[in-house]
Every structure is written in structure tokens, then in C-alpha cells.
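Protein sequence lines, in the order shown, are assigned to chains A and B. In this text, residue positions in the first sequence follow our numbering: the first is 863, and each later residue adds one. In this text, residue positions in the second sequence follow our numbering: the first is 470, and each later residue adds one.
Be careful, since some hints might not be right.
Unchecked claim - If you want a taste of the chain B side facing chain A, the calculated C-beta under 8 Å gives, among others:
1) Val493
2) Ala495
3) Thr504
4) Thr509
5) Ser510
6) Asp517
7) Ser521
8) Phe607
9) Leu732
10) Glu737
To be verified - Listed below are the simulated DSS-like cross-link pairs for lysine-lysine, each with C-alpha atoms no more than 25 Å apart in a straight line:
11) A:Lys1286 x B:Lys481
12) A:Lys1188 x B:Lys726
13) A:Lys1309 x A:Lys1179
14) A:Lys1188 x B:Lys512
15) B:Lys602 x A:Lys1179
16) B:Lys632 x B:Lys602
17) B:Lys512 x A:Lys1179
18) A:Lys935 x A:Lys947
19) B:Lys481 x A:Lys1188
20) A:Lys1010 x A:Lys1113
21) B:Lys485 x A:Lys1286
22) A:Lys1179 x B:Lys726
23) B:Lys508 x A:Lys1179
24) B:Lys485 x B:Lys713
25) A:Lys1174 x B:Lys713
26) A:Lys1188 x B:Lys508
Worth flagging that the hints you see were computed from the coordinates, not collected in a lab. The beta carbon of each residue, even a glycine, is placed where N, CA and C say it ideally should be.
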Amino acid sequence: MTFEYAPAPESTSVVKLKSEYGLFINGKFLPAKGGKSFATINPATEEVLAKVALGSDADVDKAVVAARSAYNKVWSKMPAAERGKYLFRIARILQERAREFAVLETMDNGKPIRETRDVDIPLAAAHFFYHAGWADKLEHAGVGSSPKPHGVVGQIIPWNFPLLMLSWKIAPALATGNTVVLKPAETTPLTALLFAEVCQQAELPAGVVNIVTGDGTTGAEIVNHPGIDKIAFTGSTAVGKGIARAIAGTKKSATLELGGKGANIVFEHAPIDETVEGIITGIFFNQGHVCCAGSRLLVQENIHDEVMAKLKNRIEKIRVGNPLDKNTDLGAINSAAQLAKIIELADSGDAEGADRWSPNCDLSSKGFWYPPTIFTGVTQAHRIAREEIFGPVLSVLTFRTPQEAIEKANNTPFGLSAGIWTDKGSRILWTAKHLKAGVIWANTFNKFDPASPFGGYKESGWGREGGRHGLAAYLKGGK
Amino acid sequence: MHVIDGTSNSIKSFLKTLSPVDQVGAEARAAMLGTRSIKTSSKTWAIDMAISMIDLTTLEGADTPGKVRAICNKAVRPDPTDSTVPHVGAICVYNDMVKIAREQLDAVGGGDIPVAAVSTAFPSGRASLEVKKVDTEFAIANGATEIDMVIDRGAFLSGDLVKVFSEIEFIKSLCGDKAHLKVILETGELVTLDNVRKASYLAMAAGADFIKTSTGKVAPAATAPVVLVMLEAVRDWYSMTGVKIGVKPAGGIRNTKDAIKQLVLVNETAGPEWLNPQLFRIGASALLNDLLMQRMKLRDGHYASPNYVTLD
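All chains, full assembly: derive it from the sequences and hints.
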């Protein structure tokens, strides 16, 4: 007999789902004008979790008006230390309700409970704590002696880290004195709506945070609304380019956090076992639905076979399945559309002659699933080396010299993240200096901290989020 | 297979081929595996497996024949009210208690439970080779079929790897086919994970059948990152040589949760082939009673009074 882990599902009893959710505008939940709604499903089971209001142009307008009024009458007049208190209060409530948020996030997104419990929700709370401390110290943030907020900020967030991306957006916006109209992603609106309840619980003044659920048309209404002073967007490069075009020539400023094709560079002196863990974290964390994923593995050719043998051995131990099970490592793909995109790109890897490998794993017939997959024999000319797959698919390339590693790593339209694996400190410094990427990890990967600015070069985006640099994006006089 | 011929150059050049260990990464992996949730049927299985892997140990200056006989009885029938509880993996004592332990085990139906003797001037190892030789031979002559030797940490830390290697090789030659050799690295004194990895390979190359973390006299002892690195070493040694070496964490594993975490480490690092008493042991004294309490809880649905497990 072998050591089989019995199912250890986290209870969903802590989550009280409503059958229908309205828009959160001016401190209240309201139905969408015209009464349109859409369903959000659990991607692991395809069961409908709730109906959610589809925000129209009139709803966005109502939300912007509420945000403007809250800005003019309350939020901009409030002493900064008082603003900070609201953020501290929200942070504490997020911690108190962490389990509820973690379970709901896992149900709506498909990511494993281990990640929502240990990463998403604690980091979301940490972002509020970090920015709460800044609220009354902005004159020391390095953006001038009297920095001013923009006013009303429109924020559009993706489905890969729903609550965490919400906190990346809302925490700095509120700390700097802006009010917010935020649209969560179409497939993952539920934790944003639960966050709206947290705003009520914290007695945040009405209209300071407004949450308008909907689809791409709702997002476009926010981008184009003349009452919005600044746009903050995280999502695909294609949509990001559209936003840049839409706001060109207007007074609106923007931060864009877009796609990536991160190079994870493994030198011959790397600590191999921990490097293998880092490769796993780089590409299989959150099913690879990570803009800064280490999706291109660049491994020095003289250790390629050893690294691949250990990597395959390790991938065979990845536990794919029920995201609510506490022992699950790899959960469900977030949507049918994303699954189709992953399949299409991975199939191009086969067609273009790369070698596919996946472990044996039983995938449920219900829900959206993709096995952990690596392609070896990938070259720069393959689509899977150039395009963002946003799934659990790793492209493995080799290099011979450090110079070649840099050339290949930088040979991409993106420039969001990179990883360096070596025991040589001097090699880390040299490599990091030459990489064109916004975030570079050394001997680790996918580590986040509210104090550390995050953002990309080139087509990976504009501006930074987190840290002092992230504050600057929400302040006039900053950048 | 001879990986090293015992000369200083060959040892050094071999150890240089080992990949370094990144401490932060190893700690993170061990911590992550510590979050595995082992419940219901898998917990039942793990508890019995852990019991069968225990080297039930008494290594005190105050050890007496009475004390040793008592733990031998416990080893054979850990729970006198439940005959489905497996017996432990071995009894581990100082060499003057080997004979008493062997006779007692044989007398109470524990003939298949081996007696392990700590040896080579345990726990410090600070004695001449002659003393270590007599120490080991005496234990084997009295019926020990497992020898838990300590490495010379002073020699290791001073760079005299030949001394460490040749001592292990020598003790192994004394064991021959009469006794299994467990080599105690005393990782709490080696401190870094790089040293743990080097010492593991040194021991395996010199003929260890088992590599063991600690004497139990030095803290920290069997921490999860240390055990992880040692399990990686035996896994990679197997793919290099085709020989499976056992691992024995000892010291600091006091409750069921800790023991199950060890089994998870084994399962997901060396692999399920290592999950048996031939390749994995847990050196402990207090652990057994906690395992028995948890076993009763799973069986009866509630915790029993501590008086339902025996104190030996």
C-alpha cells in the first residue's frame, strides 16, 4: 500500500452566496439599469455560483458621479490620518474574514485553496496595511512636498488574482486620496463584491469605492467616461493598447500592467533542487495564469538533461484536482475561453516541432483543466517561445554563454519579469544589470511584497504598482 | 559502487561536483510540504507506518536493565490492549545495554526486532579509533545488528574529510554482513545545508546503509529542511548508483503531526519506495505514545486519558 492522501476539502460553509448580486454604487447594492445580468461559474465544476449585474453606460455614469461627489465632499477634505484609519480597518477585516475570502476566491477562480489561503488573501491584506501607513506621509514619498490626488480613478482588473489585484489598485488609490470606480473581471466578480461588503462593514464613506461588474463593454465605458481622471488597468497587452489609444489626447493618465513572457535563466552553478522548485513556482503557480510567470525556461545547455530529469520527476508529484482540497497544487483553468487559448498555443508547439511532455494525471470531465506541460527543444522562432500562453505550459530553451542568455531573454516584445538561478553572486548582479525586465528575481520566483514596485518594460506596461513608485502613479506631481 | 577511492583529492573533487543548496529555497519547500493535510484513512495508514519505523530509544546515563527491558516490551506490544498495532522498527541503546535488550526482545516475542547500538564514542565521537573499534565490536558481539555511529564533526569542519571517510569505511568493515551501519551526521553541528549534503554523500560513499540526522543530544536536530536535503541525497544516490540508502531523522520529533510531516517529506522527495522501515526510521522516545493516543482517537472517535497509554 502507498501513501494516498485522503480528500481534505476546505468547507464552503463559511461562504454565504447570494443568488444575485447588484452593482455597488454610492455605498449600496443596486440592480443594473435595464436589469441585465450574467452568470459566474465555478470553473472546476461548471456550476453556476451566482447571477451578477451587467453594468451599462448609465451605471458607470452613476458610479462616476458618486465617486466625484464622495471625492469633493468627503474624501479630499478628510485629514490624511483619518483616511489611513479606514485602510487599516479594511486590512483588519480582510484578515478576520480571510477564510471566507479564500474559499470564495477558490470557488470563483479555480485556483487551489492553498494559494488563496497562503498567498492571495494575506497579500491583499498586506497591501492595505502597507498603504494605510502611507496615507499621512505622502509628502515624504518623493513626489514633491505637496502631492495631490488625481480625483476619480477608473480601475479594471483581471481574473487571475481577483482580490489581490483589487487591493493593488484600491489600496494605493485610497491612501493617496482618490476615489474609485472598479470593474472586476467578468469571470471572477465575487470577491470584489464581498469586498464591497467589507467597505460597508468598515463604514467607508459612500461613493469612495464603487464596484461595477460587467464585461468588456462595461470596462470600455469606464475608460471613455469623461469624469474619470486616471485609468489603472491590469490585463492583456491587446486591451492595454486599446486603452492607450482611447485616452490619447485626453487629460487622463494611465498605468498599464500587461502581459509577459518571463525568462527564467538557469546557470550551471545553480542550486539545482531549489531551482527545480523555482521553475515549478514560476510556471505552475496559479495554473500559470500569471503575467510575470517564468514561462520561458532558459537553461545552460551543459546541465539541460540533469535539470529536465529532475524537473520531470518533480512535476510527477504535482497534485492536480479539486481546488478546494488543501493538498491540491494545480487547480482549474479559469474559463473555457482561456482553456481554448492554451490548447491552441500548446498545439502550435506540437505543430512547430517542439517535444511535449506531461505526467499522467486524471483530469475531471467537468470543468476546465489542463495538465502541467513542458515543451523541450523550443527555439526563439516557436510561437510558444514568443506568445503569452497564460497557462501551465513551460517552453524550455537552452543557451551556451551568459551573453547568449541575455540576448535570448531580452529578445521579446515583453519585459515584465525574469529569474536568475546561480550560486554566484557576481553572476546575479551582472545578469540583472543586463536584463530588460521590470521585476527580476534571483534564486526565487513569483515573490511579491507591497513595498516592492511591480511593472514592466516595453509591451508589458506603463508605470509601477506597489512601493513608493506605485504611490507616485496616483499622485499629481508624480509620474 | 566505488565513487571515491578514499584519497583526499578524490573526495574533494567528488564533493565539488555536488550542486549547492539554496537555504531559503530548501526551507520554503520543506515548509510547503508541512502544509499537507493528512486526514482520515491516510492518517490511519501514516500512524501505523510511523509506529513501525520508530527506533525506540533510550540513551541516558540513568539507563538501567529494568528501563531497557521495559522499552523492549513496549517495542513488541506498543498498545497492550490492541494487537493490531505494529511493533516498532528497532530498539536503540548504548552498547552495554545491547545484550539485555536482545535477550528481553527474544524472550517476549520480539525476535525479529533488531537492536541498534550507538557507537564510536557516541555522542561526541571524540575518542581514538581503537576505542571506536572496541565500542563497535563489543556491540556486535552482544547482538547488535544495527550500528549507529557518529562522524567526527571536528574533522569534517576542519577539512579533514579523509579522516571522516576512512573512519566510516573502517566501522563499515567491522559491521560486515553482521550489522547495518547508520551514520549520524549531527547536522546541528554541521549547521549549513551545504554541509549536510556533503556529509550525506561522504557517508554514502564510505558505505553507510543509513544516514541519520542527529544524536538527539544537540539542538536543532531533525529539522524538515535537513531531512529534505538528506532525502534528496539518497534519491540522487540511487539514480547514480542503483543503491537505496535509508534515512533516519532523530531528535525533536515528538508528536504525530511531526511524524506525519516526515512521511510526507519522504513520499514527495525520495518517493513512496522509501516508505518502509527498511529505508526510513524515526529515532524517538516520546513520539510512540502520541502516535498511540492519536490511533485510539481515530479508532474510538474521542481522545482517551493519557493513562490509557503506558509509560515505560
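Structure-based check of each hint:
no.	hint	result
1	Val493	7 Å, holds
2	Ala495	6 Å, holds
3	Thr504	6 Å, holds
4	Thr509	5 Å, holds
5	Ser510	5 Å, holds
6	Asp517	10 Å, violated
7	Ser521	12 Å, violated
8	Phe607	39 Å, violated
9	Leu732	6 Å, holds
10	Glu737	5 Å, holds
11	A:Lys1286 x B:Lys481	20 Å, holds
12	A:Lys1188 x B:Lys726	16 Å, holds
13	A:Lys1309 x A:Lys1179	22 Å, holds
14	A:Lys1188 x B:Lys512	15 Å, holds
15	B:Lys602 x A:Lys1179	44 Å, violated
16	B:Lys632 x B:Lys602	15 Å, holds
17	B:Lys512 x A:Lys1179	19 Å, holds
18	A:Lys935 x A:Lys947	18 Å, holds
19	B:Lys481 x A:Lys1188	44 Å, violated
20	A:Lys1010 x A:Lys1113	16 Å, holds
21	B:Lys485 x A:Lys1286	15 Å, holds
22	A:Lys1179 x B:Lys726	21 Å, holds
23	B:Lys508 x A:Lys1179	19 Å, holds
24	B:Lys485 x B:Lys713	22 Å, holds
25	A:Lys1174 x B:Lys713	20 Å, holds
26	A:Lys1188 x B:Lys508	11 Å, holds
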